[in-house]
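Place chain X on chain C using the hints.
Here the protein sequences come in this chain order: C and X.
For the record, in the first sequence the residue sitting at position 94 is 94 according to the numbering used here, with numbers rising by one throughout.
For the record, in the second sequence the residue sitting at position 160 is 160 according to the numbering used here, with numbers rising by one throughout.
Any given hint might turn out to be false.
[To be verified] Each computed DSS-like pair below joins lysine-lysine, with the alpha-carbon atoms no more than 25 Å apart:
no., chain 1, residue 1, chain 2, residue 2
1, C, Lys18, C, Lys83
2, C, Lys167, C, Lys307
3, C, Lys46, X, Lys268
4, X, Lys15, C, Lys83
5, X, Lys15, C, Lys307
6, C, Lys434, C, Lys46
7, X, Lys72, X, Lys15
8, X, Lys257, X, Lys233
9, C, Lys140, X, Lys70
10, C, Lys66, C, Lys13
11, C, Lys163, X, Lys233
12, C, Lys83, C, Lys66
13, X, Lys268, C, Lys434
14, C, Lys83, C, Lys140
15, C, Lys494, C, Lys434
16, C, Lys18, C, Lys46
17, C, Lys264, X, Lys257
18, C, Lys46, C, Lys21
19, C, Lys66, C, Lys11
20, C, Lys163, C, Lys307
21, X, Lys70, C, Lys307
22, C, Lys66, C, Lys46
23, C, Lys140, C, Lys163
24, C, Lys434, C, Lys264
[To be verified] Listed next, the stretches of chain X that the computed footprint assigns to chain C, with coverage defined by at least 3 CB atoms under 8 Å from CB atoms of chain C:
no., region
25, 122-135
26, 196-208
27, 265-272
[Unchecked claim] Below, a sample of chain C positions facing chain X; criterion: calculated Cβ distance under 8 Å:
no., residue
28, Leu133
29, Asn231
30, His256
31, Ala299
32, Thr423
Worth flagging that the hints you see were computed from the coordinates, not collected in a lab.
Being a predicted model, the structure only gives us computed values, none of them experimental.
Beta carbons: idealized from backbone N, C-alpha and C, even for Gly.
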Amino acid sequence: MPTSFIQPEFKVKIDYDKCHKCGRCVQQCGWGVYNFNERPIPDDAKCRACHRCVTYCPAHCISIEKNQLAYRDNDNWSPAARKAVWRQAETGGVLLTSMGNPLPYTRIFDHLVLDACQVTNPSIDPLREPMELRTFIGHKPDSVGVESDGQGGFRLAEGEGMKNNLKLDTPILFSPMSYGSVSLNVHKSLAMAAQRLGTFMNTGEGGLHADLYPYQDNVIVQVASGRFGVNPDYLNRGAAIEIKIGQGAKPGIGGHLPGEKINKEVSGTRMIPQGTDAISPAPHHDIYSIEDLRQLIYALKEASGYKPVGVKIAAVHNVAAIASGIVRAGADYVYLDGFKGGTGAAPQVIRDHIGIPIEIAIAAVDQRLRDEGIRNWASVIAAGSIRSSADVAKAIALGADAVAIGSASLMALGCHLCQSCHTGSCSWGITTQKPELTRRIDPEWGAEQLTNLVHAWSHELQEILGALGVNAVESLRGSRERLRSIGLDEQMNKVLGVKPAGM
Amino acid sequence: MPRQMAPGVTEGYLKVAPTVVRDGDTATIDATGIYYRQLNEAIRGAIAEGATRVVLNNVNGQRYIGTGVKAKGVTIEVHGTAGNDMAMFMDGPTIEVFGAAQDGVGNTMNAGKVIVHGDAGDVLGYGMRGGAVYVKGDVGYRVGIHMKAYESLIPIMVCGGNARDFFGEYMAGGILVLLGMNTQFAEQPLVGSFVGAGMHGGVIYLRGTVESWQCGKEVGITEATEEDMAALKPTLADYCDAQGMDLAEVLSVPFTKLAPFSHRPYGKMYAPM
Numbered sequence: 001m002p003t004s005f006i007q008p009e010f011k012v013k014i015d016y017d018k019c020h021k022c023g024r025c026v027q028q029c030g031w032g033v034y035n036f037n038e039r040p041i042p043d044d045a046k047c048r049a050c051h052r053c054v055t056y057c058p059a060h061c062i063s064i065e066k067n068q069l070a071y072r073d074n075d076n077w078s079p080a081a082r083k084a085v086w087r088q089a090e091t092g093g094v095l096l097t098s099m100g101n102p103l104p105y106t107r108i109f110d111h112l113v114l115d116a117c118q119v120t121n122p123s124i125d126p127l128r129e130p131m132e133l134r135t136f137i138g139h140k141p142d143s144v145g146v147e148s149d150g151q152g153g154f155r156l157a158e159g160e161g162m163k164n165n166l167k168l169d170t171p172i173l174f175s176p177m178s179y180g181s182v183s184l185n186v187h188k189s190l191a192m193a194a195q196r197l198g199t200f201m202n203t204g205e206g207g208l209h210a211d212l213y214p215y216q217d218n219v220i221v222q223v224a225s226g227r228f229g230v231n232p233d234y235l236n237r238g239a240a241i242e243i244k245i246g247q248g249a250k251p252g253i254g255g256h257l258p259g260e261k262i263n264k265e266v267s268g269t270r271m272i273p274q275g276t277d278a279i280s281p282a283p284h285h286d287i288y289s290i291e292d293l294r295q296l297i298y299a300l301k302e303a304s305g306y307k308p309v310g311v312k313i314a315a316v317h318n319v320a321a322i323a324s325g326i327v328r329a330g331a332d333y334v335y336l337d338g339f340k341g342g343t344g345a346a347p348q349v350i351r352d353h354i355g356i357p358i359e360i361a362i363a364a365v366d367q368r369l370r371d372e373g374i375r376n377w378a379s380v381i382a383a384g385s386i387r388s389s390a391d392v393a394k395a396i397a398l399g400a401d402a403v404a405i406g407s408a409s410l411m412a413l414g415c416h417l418c419q420s421c422h423t424g425s426c427s428w429g430i431t432t433q434k435p436e437l438t439r440r441i442d443p444e445w446g447a448e449q450l451t452n453l454v455h456a457w458s459h460e461l462q463e464i465l466g467a468l469g470v471n472a473v474e475s476l477r478g479s480r481e482r483l484r485s486i487g488l489d490e491q492m493n494k495v496l497g498v499k500p501a502g503m
Numbered sequence: 001m002p003r004q005m006a007p008g009v010t011e012g013y014l015k016v017a018p019t020v021v022r023d024g025d026t027a028t029i030d031a032t033g034i035y036y037r038q039l040n041e042a043i044r045g046a047i048a049e050g051a052t053r054v055v056l057n058n059v060n061g062q063r064y065i066g067t068g069v070k071a072k073g074v075t076i077e078v079h080g081t082a083g084n085d086m087a088m089f090m091d092g093p094t095i096e097v098f099g100a101a102q103d104g105v106g107n108t109m110n111a112g113k114v115i116v117h118g119d120a121g122d123v124l125g126y127g128m129r130g131g132a133v134y135v136k137g138d139v140g141y142r143v144g145i146h147m148k149a150y151e152s153l154i155p156i157m158v159c160g161g162n163a164r165d166f167f168g169e170y171m172a173g174g175i176l177v178l179l180g181m182n183t184q185f186a187e188q189p190l191v192g193s194f195v196g197a198g199m200h201g202g203v204i205y206l207r208g209t210v211e212s213w214q215c216g217k218e219v220g221i222t223e224a225t226e227e228d229m230a231a232l233k234p235t236l237a238d239y240c241d242a243q244g245m246d247l248a249e250v251l252s253v254p255f256t257k258l259a260p261f262s263h264r265p266y267g268k269m270y271a272p273m
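Next up, chain C with everything else stripped away, as it sits in the complex:
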């Protein structure tokens, strides 16, 4: 019997005429592709096409190609579907994968276009005129009070209203990724960048390492079903607290950090023994209803001196009604995670087939909250494959207050989207706890990469706003009139609340 029916997905080709025989590829590969016997000899079966060796080869003599095995044509049984069957026949296991949904579902963002001013109202040049990206996340007052300033003028009255808001200099946050799923150096990079950018990183469900305390004013601490690392100290350090109900890549299921990834440092931060599996139950067992959610929101507020508390959910069919319940339960923001969102590990069947696109979720939730007259009670943060500043602008125009980026931020640190986070051997040193790999990311360098990315997107967002003839991101928020669709059907346009181009 063959050991496996599955043939290597990639072919590693080395031009030995150019090869220096320096062995750097051997050293760089986290998957153990290379053996060295006078020259590097690759084992194609282990290659994940992460390009670490390619990037670091001084002779540029490595190329990775697709293994162009011909499969008998069958649109129904794609090679991927056949491989999945073979793998499960071999193992009897639930297929485990990582990063976002790669299937060719309609990318709605790519069917939406933005407006611009021409002739009748002038566009604005953001290089020479003020262009406000400042964003406040949290409960907004129902009305604005005005009081005398004592000098014959007026000023806005002090109220409870905006006090508990998070202030962002740009409407882009870093999405929750736990220490354990990513390395401490990644967490440090994110925290340092968040502080420099005037935005927030999010601990995910893995606790807050002491090295991040200096950045705690730019950290949102997460409380998920496993309650790892959650104690009064943790709740009081964060700028805000987030209850994680669901994740776009794996709606409705729990998390499972394998014992291999629970080293001493991760164990200390999560407050669980080394080497045991960190199992997050699928639901929070103290939340079986909206009333229970309200109870937890206010427990967290009581325990933290009334910090903002947000709730993160996966975008699912009934997302609008669920979000309405969350807002009525007292959440300061609702974090919507679309089905293309990334993950450090998820069953493939869940990642690829459960949940709905973020574009639809934003539109449905924003509309529902407006219809109910409670849109100002909470902010909406959208995530789940925000790939560019154009996606940011479109998400905000559909009704989001801000977006969160996970996959894009990891790409800024070198991620090549090889979908192998769950192996714990990330050659780029991102989703691993192996010291020889994690040291590949210098937090100072990482922070600069992330800062650059968000700065670049923010500048582009300003350019887009200028073209739209508005001088604040506030003016684009929920302004679907500035969007048109191309190639979406009538039903979809209705759901999104946008007109087709030409109308």
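Structure of chain X alone, referenced to chain C:
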């Protein structure tokens, strides 16, 4: 519709600061009709001002008593019925309830002690990491779910009556004990179904027996050995001391021990791609 009602009656309570009477190290608070937020502000305020004993009179379902309180050598006495999520995230104090408690006692608790001289509700000690919860009477569903231990922190929960389904589900550490003695439901089984389902750490002791069909497939059921009982005895002695019960009577019936087969029940479930 405003999110919060104007000052006045909210959910049956008044949003006003309660009367606090200070006598030496003791602060006595009359909780009659006071909304939980103002009551808890008064409790935290009294502790911040140095009170080591806080007595709450006429408690009637106010939530979050002792929630998030981090303090050493502080005792809170609750006279009446404690509301949901008492001692949640608590780190250090002792709470003694002269009455019953509702749901969520000791939720995600870190350290300290909770003594309930009555019954308690559902979801006790969810994700509890340390400290002790001693309930005299019956408890509800989902008790001790995902209790976990870390280094010197070992959570202990002892319930004197019966328990319902999902007792010790997902348990990852700590000690969970059920006595079945002070129960209103003596004719019913000691514990419901799905006991220790998904358990991967810690230990459950039941005074009496349990059928295998009541337990999760992840747990092994054995009679507690002498060694087990010797290890458990100090905990039971402390419990009896707190609840005014006779240790010899507690020990007069053999205990059943439930422990997980594996610390990694789902280690072989996945096929990495």
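Each hint tested on the structure:
The suggested pairing of lysine 18 of chain C with lysine 83 of chain C is violated, with an alpha-carbon distance near 35 Å, which exceeds 25 Å. Restraint check for lysine 167 of chain C and lysine 307 of chain C: the C-alpha separation of about 13 Å stays at or below 25 Å, so the hint holds. For the given pair, lysine 46 of chain C sits about 21 Å from lysine 268 of chain X by alpha-carbon distance, which is consistent with the 25 Å threshold. With a C-alpha separation of about 63 Å, the suggested pairing of lysine 15 of chain X with lysine 83 of chain C is violated against the 25 Å cut-off.
A threshold of 25 Å between alpha carbons decides the hint, and for lysine 15 of chain X with lysine 307 of chain C the separation of about 20 Å falls inside it, so the pair holds. Restraint check: the Cα-Cα separation between lysine 434 of chain C and lysine 46 of chain C comes to about 18 Å, which is no more than 25 Å; the hinted pair holds. Between the alpha carbons of lysine 72 of chain X and lysine 15 of chain X the distance comes to roughly 29 Å, so the proposed pair goes past 25 Å and is violated. For the hint linking lysine 257 of chain X to lysine 233 of chain X, the alpha-carbon distance of about 14 Å falls within 25 Å, and the restraint holds.
At most 25 Å may separate the alpha-carbon atoms for a hinted pair to count; lysine 140 of chain C and lysine 70 of chain X exceed this at roughly 31 Å. With a C-alpha separation of about 11 Å, the suggested pairing of lysine 66 of chain C with lysine 13 of chain C holds against the 25 Å cut-off. Of the pairs offered as hints, the one joining lysine 163 of chain C and lysine 233 of chain X is violated, with about 52 Å between alpha carbons and a cut-off of 25 Å exceeded. Proximity of lysine 83 of chain C to lysine 66 of chain C is assessed by CA-CA distance (about 15 Å); at most 25 Å being required, the pair is judged to hold.
Using a Cα cut-off of 25 Å, the hinted pair lysine 268 of chain X and lysine 434 of chain C holds, with the two alpha carbons roughly 22 Å apart. For the given pair, lysine 83 of chain C sits about 51 Å from lysine 140 of chain C by alpha-carbon distance, which is inconsistent with the 25 Å threshold. Using a Cα cut-off of 25 Å, the hinted pair lysine 494 of chain C and lysine 434 of chain C is violated, with the two alpha carbons roughly 49 Å apart. Proximity of lysine 18 of chain C to lysine 46 of chain C is assessed by CA-CA distance (about 23 Å); at most 25 Å being required, the pair is judged to hold.
Restraint check for lysine 264 of chain C and lysine 257 of chain X: the C-alpha separation of about 30 Å exceeds 25 Å, so the hint is violated. Between lysine 46 of chain C and lysine 21 of chain C the CA atoms are separated by roughly 20 Å; this keeps the pair inside 25 Å, and the hint holds. Straight-line distance between C-alpha atoms of lysine 66 of chain C and lysine 11 of chain C comes to about 6 Å, which keeps the hinted pair within the 25 Å bound. In summary, the hint linking lysine 163 of chain C to lysine 307 of chain C is supported, as the alpha carbons are separated by about 10 Å, within the 25 Å threshold.
Distance check on the hinted pair: lysine 70 of chain X and lysine 307 of chain C sit about 17 Å apart at the alpha-carbon level, within 25 Å; holds. For the given pair, lysine 66 of chain C sits about 13 Å from lysine 46 of chain C by alpha-carbon distance, which is consistent with the 25 Å threshold. For a cut-off of 25 Å, the pair hint linking lysine 140 of chain C to lysine 163 of chain C stands: about 9 Å separates their Cα positions. For the hint linking lysine 434 of chain C to lysine 264 of chain C, the alpha-carbon distance of about 12 Å falls within 25 Å, and the restraint holds.
Requiring three or more residues with a Cβ within less than 8 Å of a Cβ of chain C, the coverage given for the region 122-135 of chain X holds, as 4 such residues are present. Only residues whose beta carbon comes within less than 8 Å of a beta carbon in chain C count, and the region 196-208 of chain X has 3; three or more means the coverage holds. Proximity of the region 265-272 of chain X to chain C, defined as three or more residues with a beta carbon under 8 Å from a beta carbon of that chain, is established by the 8 residues found. A least Cβ separation of about 28 Å between leucine 133 of chain C and chain X goes past the 8 Å threshold, and the interface hint is therefore violated.
Satisfaction of the interface hint for asparagine 231 of chain C is found here, the shortest Cβ-Cβ separation to chain X being roughly 5 Å, below the 8 Å cut-off. Hint status for histidine 256 of chain C: holds, given a least beta-carbon distance of 6 Å to chain X, under 8 Å. Because the closest C-beta pair between alanine 299 of chain C and chain X is about 5 Å apart, less than 8 Å, the hint holds. Restraint check, threonine 423 of chain C versus chain X: the minimum CB separation of about 6 Å is within 8 Å; hint holds.
This entry does not satisfy hints 1, 4, 7, 9, 11, 14, 15, 17, 28, going by the numbered hints stated previously.
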